[in-house]
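Residue numbers for the sequence shown follow my numbering, beginning at 1 and rising by one.
A hint or two may mislead.
With a straight-line Cα cutoff of 27 angstroms, these simulated DSSO-like cross-link-like pairs (lysine-lysine) come out [as the list claims (entries may be wrong)]:
1. Lys64 / Lys31
2. Lys30 / Lys64
3. Lys30 / Lys66
4. Lys31 / Lys72
5. Lys31 / Lys83
6. Lys31 / Lys66
7. Lys30 / Lys72
8. Lys30 / Lys83
It should be emphasised that the hints constitute simulated quantities derived from the structure, not laboratory data. In this text the structure is predicted, and so the values were computed from the model without any measurement.
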Amino acid sequence: MEIHATQPKKDNGELSNMENVETVILQFFKKFTDSVSTDLQFVIDDISDEDTAVVGVTWHLEWKGKNFPFSKGCSFYRLEVVKGQRQIM
Numbered sequence: 001m002e003i004h005a006t007q008p009k010k011d012n013g014e015l016s017n018m019e020n021v022e023t024v025i026l027q028f029f030k031k032f033t034d035s036v037s038t039d040l041q042f043v044i045d046d047i048s049d050e051d052t053a054v055v056g057v058t059w060h061l062e063w064k065g066k067n068f069p070f071s072k073g074c075s076f077y078r079l080e081v082v083k084g085q086r087q088i089m
């Protein structure tokens, strides 16, 4: 699975919509996956969309296209704007 992420939109330093939150999280996962073997893939199963300042993500790992045993996970991220940049806290 490839993870596609685009640059967040400018919005006066505030997280204004879920699209921006998802973009920040996808950029984080892309940075991680770019640092490991291309045979190991992070697959994002679901991303919550209730709040633009916090997000929950369920995911699993695949190795060469097959589910990697015992690799399901759930992550929680809090996002804040620091010096005009969105950051995962």
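Results for each hint:
no., hint, verdict
1, Lys64 / Lys31, "holds (19 angstroms)"
2, Lys30 / Lys64, "holds (17 angstroms)"
3, Lys30 / Lys66, "holds (19 angstroms)"
4, Lys31 / Lys72, "holds (19 angstroms)"
5, Lys31 / Lys83, "holds (21 angstroms)"
6, Lys31 / Lys66, "holds (22 angstroms)"
7, Lys30 / Lys72, "holds (17 angstroms)"
8, Lys30 / Lys83, "holds (23 angstroms)"
In this structure, none of the earlier numbered hints is contradicted; all agree with it.
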